[in-house]
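Chemist: Based on the provided sequences and hints, a complete structural model is requested.
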Amino acid sequence: MVTTPVQSWGRVGSWPHHLAPLPHGGGKVLPALEGRTGLAFGMGRSYGDVCLNPEGLLWLTRGMDRLIHWDEAAGRLTCEAGVLLRDIQRLMVPRGWMLPVTPGTQLVTVGGAIANDVHGKNHHRFGSFGDQLISLELLRTNGTRLRCSRDEHRELFLATLGGLGLTGVVLEATLHLRRVEGPWVDAEDLPFKGLDAFFELADASEAGWEHTVAWIDCLSGADVRGIFSRGNMSPEPADAGARGQRRRSMPVTPPVSLVNRLSLKAFNTAYYALGNRRAGRRRVPFEPFFYPLDSIEHWNRMYGPAGFYQYQCVLPRAAGRQGVAELLAEIARAGQGTFLAVQDLWRPATVRPAELSAAGRDAGAGFSGAGRRHARAVRAARPRGDGRGRDAVPGEGRPHAARDVRAGLPRVAVVPGAARPGHRFGVRAQDDGTLTE
Amino acid sequence: MNTQTPQKIAIVGATSAIAEHCARLWMASGGAAELVLIGRDEGRLQALATDLRIRGPGAEVVCVAGDLGSTEGIASLVERACAGRAPDVVLVAHGSLPDQAQCQGDLVQAREALEVNGVSPALFAEAFVARMQQVGGGVLGLIGSVAGDRGRKSNYVYGAAKGLLARYAQGLQHRLVGSAVAVCLIKPGPTDTPMTAALKSRGARLASVEAVAADIVAGMARRRPVIYTPGKWALIMLVIRHLPRFVFNRMDI
Numbered sequence: 061m062v063t064t065p066v067q068s069w070g071r072v073g074s075w076p077h078h079l080a081p082l083p084h085g086g087g088k089v090l091p092a093l094e095g096r097t098g099l100a101f102g103m104g105r106s107y108g109d110v111c112l113n114p115e116g117l118l119w120l121t122r123g124m125d126r127l128i129h130w131d132e133a134a135g136r137l138t139c140e141a142g143v144l145l146r147d148i149q150r151l152m153v154p155r156g157w158m159l160p161v162t163p164g165t166q167l168v169t170v171g172g173a174i175a176n177d178v179h180g181k182n183h184h185r186f187g188s189f190g191d192q193l194i195s196l197e198l199l200r201t202n203g204t205r206l207r208c209s210r211d212e213h214r215e216l217f218l219a220t221l222g223g224l225g226l227t228g229v230v231l232e233a234t235l236h237l238r239r240v241e242g243p244w245v246d247a248e249d250l251p252f253k254g255l256d257a258f259f260e261l262a263d264a265s266e267a268g269w270e271h272t273v274a275w276i277d278c279l280s281g282a283d284v285r286g287i288f289s290r291g292n293m294s295p296e297p298a299d300a301g302a303r304g305q306r307r308r309s310m311p312v313t314p315p316v317s318l319v320n321r322l323s324l325k326a327f328n329t330a331y332y333a334l335g336n337r338r339a340g341r342r343r344v345p346f347e348p349f350f351y352p353l354d355s356i357e358h359w360n361r362m363y364g365p366a367g368f369y370q371y372q373c374v375l376p377r378a379a380g381r382q383g384v385a386e387l388l389a390e391i392a393r394a395g396q397g398t399f400l401a402v403q404d405l406w407r408p409a410t411v412r413p414a415e416l417s418a419a420g421r422d423a424g425a426g427f428s429g430a431g432r433r434h435a436r437a438v439r440a441a442r443p444r445g446d447g448r449g450r451d452a453v454p455g456e457g458r459p460h461a462a463r464d465v466r467a468g469l470p471r472v473a474v475v476p477g478a479a480r481p482g483h484r485f486g487v488r489a490q491d492d493g494t495l496t497e
Numbered sequence: 116m117n118t119q120t121p122q123k124i125a126i127v128g129a130t131s132a133i134a135e136h137c138a139r140l141w142m143a144s145g146g147a148a149e150l151v152l153i154g155r156d157e158g159r160l161q162a163l164a165t166d167l168r169i170r171g172p173g174a175e176v177v178c179v180a181g182d183l184g185s186t187e188g189i190a191s192l193v194e195r196a197c198a199g200r201a202p203d204v205v206l207v208a209h210g211s212l213p214d215q216a217q218c219q220g221d222l223v224q225a226r227e228a229l230e231v232n233g234v235s236p237a238l239f240a241e242a243f244v245a246r247m248q249q250v251g252g253g254v255l256g257l258i259g260s261v262a263g264d265r266g267r268k269s270n271y272v273y274g275a276a277k278g279l280l281a282r283y284a285q286g287l288q289h290r291l292v293g294s295a296v297a298v299c300l301i302k303p304g305p306t307d308t309p310m311t312a313a314l315k316s317r318g319a320r321l322a323s324v325e326a327v328a329a330d331i332v333a334g335m336a337r338r339r340p341v342i343y344t345p346g347k348w349a350l351i352m353l354v355i356r357h358l359p360r361f362v363f364n365r366m367d368i
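Residue numbers (my numbering), protein chains in the order written: chain A, 61 to 497; chain B, 116 to 368.
Keep in mind the hints are simulated off the structure, nothing from the lab.
As the structure is a computational prediction, the values presented were derived from the model and not from experiment.
Just so it is clear, CB atoms sit at the ideal spot from N, CA and C, and this is done for glycine as well.
Each hint should be verified, as a subset may be incorrect.
[Unchecked claim] If you want a taste of the chain A side facing chain B, the calculated C-beta under 10 Å gives, among others:
#1 A80
#2 R122
#3 D125
#4 H129
#5 L151
#6 D354
Modeler: Pasting the structure below:
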């Protein structure tokens with residue numbers, strides 16, 4: 061059988077895969093290949109390799125993109141797992157509803173958002189994608205279909221949230237939407253200098269602002285500068301002024317990365333100056349505010365043929381100040397071109413990781429603990445050293461699986477008897493819906 | 116199509132991916148007051164209708180299931196689709212991509228491929244055009260294929276059926292000059308749909324179905340007689356059609 065090369069969003073390599081598009085409803089059983097594992101694949105927007113399964117099967121979910129039920133009174137939407145978050149937003153925002161939690165791109169599938177339990181700039185208010193998920197339907201490799209929620213097949217539900225597709229293929233999901241008046245965000249940009257100023261802004265914004273995010277100029281040395289952005293959904297209703305984003309494209313992959321020390325210095329200086337100039341409050345449509353990079357198709361090509369790595373971790377609040385300083389020092393020491401360093405604020409962990417650990421497991425990427433700060437650092441053109449250097453998570457922080465290619469995370473789907481042993485999660489879902497180590 | 120006045124739209128082969136995405140665009144633009152989904156399988160039509168009703172709550176969505184292959188089936192489906200009034204917009208989108216090698220070895224399969232992709236859509240077009248002429252207007256889109264532009268060894272059974280549609284559309288267009296009914300021949304290149312899943316698993320580069328649907332909806336609104344989508348195929352097929360035979364016959368396509 062012929063294989064097709066597939067890349068993840070980081071484009072650091074391309075590996076052969078057997079592709080199997082899934083029909084509406086997922087079909088009766090998942091396509092199987094003797095001796096190969098399979099993994100659900102949506103938009104391939106994971107930076108690292110969690111969405112890949114080299115030499116194995118990829119079950120393409122993008123064709124499963126139908127809406128199944130919309131309960132306007134309860135604000136509940138049931139849809140197939142291949143529906144894009146963008147399609148939900150564009151359909152529902154004009155009607156006064158919105159997904160409460162979306163990541164920095166809306167070009168991901170509902171299934172991918174569940175598998176990675178994605179979060180946005182409003183984590184301290186709404187938590188992660190899983191907090192808005194009411195139930196899901198899972199197709200296992202033995203052909204069983206299970207409806208999973210916090211009440212039904214609870215363990216499997218929790219393991220599927222952020223489970224990187226290892227429990228089976230999510231066929232459909234029921235989500236809570238939130239009410240919004242219109243498509244506008246009341247945003248404010250505040251330039252800052254120094255980490256103390258940043259943490260003061262972050263603390264001061266926690267109560268009154270739903271969305272908080274900061275860009276830090278990693279080349280600005282010890283006295284870091286950056287721009288703190290915060291926003292709330294505006295009470296202004298929709299009008300004819302609200303449009304979709306204008307899309308540009310990176311049409312080709314340049315032979316070398318356009319993100320290097322030279323261009324970066326110029327970019328950061330210009331970006332800071334621009335931020336400084338438009339500092340203050342403004343009313344903007346939600347799409348460019350939430351998903352700035354979605355307006356540039358294939359922006360990942362900017363890093364050239366070698367691709368890029370992204371690194372992200374969550375830090376405990378108490379260790380935040382020290383941890384972020386250490387991260388920035390490490391970035392400066394490595395001298396790598398770091399395009400973007402972003403900080404979001406995280407709220408205390410939700411029920412999920414606690415449940416998993418209560419069940420006797422360490423889920424690896426479980427962001428447990430109270431009140432953590434979350435540093436998304438480093439969209440670097442190359443990894444430090446061999447890419448497997450010492451762990452850059454200071455203190456007791458945790459890295460982010462969907463972004464990290466260094467973690468050597470498992471690429472295992474639950475094909476009975478075919479799952480690779482010894483993967484880091486140490487969790488394997490059995491076909492009866494229970495979990496074992 | 117005028118998006119200001121919501122219209123009655125009928126789609127034959129409505130569960131095909133290209134047709135489904137056209138329907139979504141018509142629903143999103145508010146251009147459809149009534150949508151008639153025509154297909155073989157009532158259950159699959161209903162699942163599609165559920166999705167479209169959520170996308171366009173203002174429009175009435177009706178499913179009409181029946182036999183797309185027989186003359187009586189086609190006549191009956193068109194009659195039911197025209198209940199109340201004839202549609203303003205019709206898209207004839209059904210078809211299936213046969214395996215060329217199997218068709219060569221099995222005349223039954225070859226015949227079926229010719230009928231499903233050529234004869235049946237042509238008869239639907241004939242029947243709908245008659246209804247639209249009676250009410251004095253409308254646009255009919257007929258999905259052909261770039262494969263219909265020149266016979267190639269890798270898929271000439273499918274290509275011949277689609278070529279039949281090209282001639283049929285041409286004849287209808289000639290007949291309808293001066294009338295308010297327009298016929299658009301749509302020629303998609305290889306598109307990423309379940310029909311081409313086998314191509315995709317072999318690594319073929321396919322156009323996105325969203326982009327193809329957008330071209331079709333826009334092209335039909337402008338009543339373009341021939342719609343290549345993506346647009347680059349107009350150029351590619353211009354070259355392919357005009358290659359001298361001695362060059363063409365050496366190509367492994």
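Chemist: For every hint, state whether the structure bears it out.
Modeler: Against the structure, the hints come out as follows:
no. : hint : result
1   : A80  : holds, 7 Å
2   : R122 : holds, 9 Å
3   : D125 : holds, 9 Å
4   : H129 : holds, 8 Å
5   : L151 : holds, 6 Å
6   : D354 : violated, 15 Å
Violated hint for the displayed structure: number 6, the only one.
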